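K.L.:
So the chains spell out like this:
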Amino acid sequence: GENVEQHPSTLSVQEGDSAVIKCTYSDSASNYFPWYKQELGKGPQLIIDIRSNVGEKKDQRIAVTLNKTAKHFSLHITETQPEDSAVYFCAATNQAGTALIFGKGTTLSVSS
Amino acid sequence: KAGVTQTPRYLIKTRGQQVTLSCSPISGHRSVSWYQQTPGQGLQFLFEYFSETQRNKGNFPGRFSGRQFSNSRSEMNVSTLELGDSALYLCASNVGNTGELFFGEGSRLTVL
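If you read the sequences in order, they're chains W and Z.
If you're matching positions, the first sequence starts at 1 in our numbering and goes up one per residue.
If you're matching positions, the second sequence starts at 1 in our numbering and goes up one per residue.
Worth flagging that the hints you see were computed from the coordinates, not collected in a lab.
Each hint should be verified, as a subset may be incorrect.
DMTMM-like cross-link-like pairs, simulated, lysine to aspartate or glutamate; straight-line CA separation at most 25 Å [claimed, not checked]:
no., chain 1, residue 1, chain 2, residue 2
1, W, K104, Z, E82
2, W, K104, W, E5
3, W, K71, Z, E82
These numbers were taken from a predicted model, which means no experiment stands behind them.
Only chain W is shown next, with the shape it has when bound in the complex (with noise of 0.2 Å):
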């Protein structure tokens, strides 16, 4: 079945360090890779997406970058603030285009 796999499990940066977490995904049909970033006690909420036929997309401090041969997608967070300290998840569609396959998230932890 499709399967999506996130490294690292947890990432811990200095303020103002930058922040990369990747993603690989196993269906060639997927079309849509979102990322996720969940608070505690809160659920996920999106931060930036992507979708196959562009290559990288940012927004702000926020970037993803998509390499559709290699199934690989990151996620990129520069200038890293401790209010970014979440846990982070990718996803990508299933085959029917109409499930979200998330990865088993990664925690980051900005100390200031």
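Using the hints provided, position chain Z relative to the given structure of chain W.
P.N.:
Coordinates of chain Z only, in the frame set by chain W:
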């Protein structure tokens, strides 16, 4: 605009019992998805409903079931509860296409 509402937020059950969780999607959203979140396993897809029809189902046993009503509200049911069913159950709504999922805050189920 009201967000996704899940009830109850917390509940405790004993093994063998059954439970029903409710989800009210954002007004105008016709798709509702359910996910199980446990530590270390991330978000695992349960099922997705669109206009009262189940369009997709994850790899969970038949004890997990769901339905969607004509007003798009959805319920999921877990019968014969097991200790391993303890988790945060998240509901997400969407207009019905491949795009952003809007998550509720979840129903935290503890099975004793």
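K.L.:
With the threshold set at 25 Å, check whether the alpha-carbon distance from K104 (chain W) to E82 (chain Z) stays at or below it.
P.N.:
It holds: about 22 Å lies between the C-alpha atoms, which stays within 25 Å.
K.L.:
Are K71 (chain W) and E82 (chain Z) close enough, with their CA atoms no more than 25 Å apart?
P.N.:
Violated, at about 36 Å.
K.L.:
Does K104 (chain W) pair with E5 (chain W) here, judged by a C-alpha cut-off of 25 Å?
P.N.:
holds, 7 Å
Violated hints amount to a single one, hint 3; each of the other numbered hints is respected by the structure.
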